[in-house]
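Enquirer: Sequence:
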Amino acid sequence: MSTVPAEVLPTGALPLGSQDAGDGAAPLAPRARLLPAMAAVYRAQLSRARVARIPLLFVATFQSIGIMVLMRGVVDGGSEARAVVAGSTVLVVAFVALNLLAQYFGQLRASGGLDHYATLPVPPAAVVLGAAGAYASFTVPGTVFTAVAGSVLFGLPLGQLWILGAVVPLAGAALAGLGAALGLLAPRQELATLLGQLGMSAALLLGVLPAERLPEPIGWARDLLPSTYGVEALARTFDPHPDWAAVALDLAVCGAVGVVSLAVATWAYRRAAVR
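Residue numbers for the sequence shown follow my numbering, beginning at 339 and rising by one.
FYI, nobody ran anything at the bench for these hints, they're computed from the structure. Think of the CB as a built atom: it goes at the ideal place given N, C-alpha and C, for glycine as much as any other residue. Careful, some of the hints might be misleading.
Cβ pair distances, simulated, as ranges [said to hold, decoys possible]: (1) Val412 <-> Gly450: 28 to 36 Å; (2) Leu552 <-> Phe400: 24 to 32 Å; (3) Pro374 <-> Pro495: 36 to 44 Å; (4) Ala377 <-> Pro479: 15 to 23 Å; (5) Pro393 <-> Gly493: 18 to 26 Å; (6) Phe400 <-> Gly497: 20 to 28 Å; (7) Pro393 <-> Ala583: 19 to 27 Å; (8) Ala583 <-> Ala448: 41 to 49 Å; (9) Ala594 <-> Leu372: 17 to 25 Å; (10) Thr457 <-> Gly557: 42 to 50 Å; (11) Gly415 <-> Pro479: 24 to 32 Å; (12) Asp414 <-> Leu536: 30 to 38 Å.
Assemble the whole structure, with the sequences as input and the hints as a guide.
Expert: Below, the structure is given as structure tokens:
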């Protein structure tokens with residue numbers, strides 16, 4: 339059997355059998371960077387949502403419009419009408435980004451789906467942010483339709499609805515982070531579903547009802563709800579002369595809450611994935 343002199347081998351190459359077996363396995367590929375990994379998770383989740391969640395988006399939108407129709411018989415106009423329309427619009431985001439995301443992560447944890455993500459070289463933040471962004475983006479058609487229908491129903495101006503371009507992602511981030519954290523921290527899938535339903539119910543009761551009609555202790559609870567600041571920002575834009583400084587402050591608070599809730603969700607994902 340012929341042999342090849344070591345001198346003619348490529349640089350760094352060794353003849354078969356000459357490598358030290360004690361060197362161990364070859365190093366794994368480096369972990370994916372955050373933004374490309376997040377974009378991949380986002381596209382995958384959005385594609386899945388388009389197939390499986392369209393009926394639920396219809397339910398969320400129909401629910402919000404039904405609430406506004408019922409409230410139309412109680413509320414004539416003014417600040418109460420603005421609160422009803424803004425709260426019903428953000429409720430669509432709460433239904434999908436909070437309720438459905440809590441159920442999704444609860445089911446993912448219960449079925450062992452987190453083990454699949456844990457084997458991939460993907461940062462935990464990419465999984466949480468990608469899924470949260472997809473669920474929040476999925477609410478855009480429903481929120482726009484609800485806001486337009488509510489404005490027509492209550493005779494509110496349509497000129498400032500461009501603010502939804504800031505309200506939906508900021509409120510969606512805050513509610514999606516909360517939903518993901520609830521689903522990942524719940525010890526059982528059924529409890530995650532229950533917590534998601536309770537969170538959406540809180541967004542319904544504390545967001546749609548006018549703040550001045552709520553008892554003071556419940557008003558304090560309303561201030562703790564992440565979606566409240568998105569509701570307030572949207573409601574202010576229905577004024578004839580909006581206070582844009584107050585709108586910007588509400589959106590800033592909503593964004594800050596979103597950062598905190600997504601950070602908690604990322605920590606909860608790491609905690610659940612290593613168990």
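Enquirer: With reference to the structure, classify each hint as holding or not holding.
Expert: Hints, verified against the model:
no. : hint                          : in the structure
1   : Val412 <-> Gly450: 28 to 36 Å : violated (48 Å)
2   : Leu552 <-> Phe400: 24 to 32 Å : holds (26 Å)
3   : Pro374 <-> Pro495: 36 to 44 Å : holds (42 Å)
4   : Ala377 <-> Pro479: 15 to 23 Å : holds (21 Å)
5   : Pro393 <-> Gly493: 18 to 26 Å : violated (31 Å)
6   : Phe400 <-> Gly497: 20 to 28 Å : holds (26 Å)
7   : Pro393 <-> Ala583: 19 to 27 Å : violated (41 Å)
8   : Ala583 <-> Ala448: 41 to 49 Å : holds (46 Å)
9   : Ala594 <-> Leu372: 17 to 25 Å : holds (20 Å)
10  : Thr457 <-> Gly557: 42 to 50 Å : holds (47 Å)
11  : Gly415 <-> Pro479: 24 to 32 Å : holds (27 Å)
12  : Asp414 <-> Leu536: 30 to 38 Å : holds (31 Å)
Checked against the numbered hints above, the structure breaks hints 1, 5, 7 and satisfies the rest.
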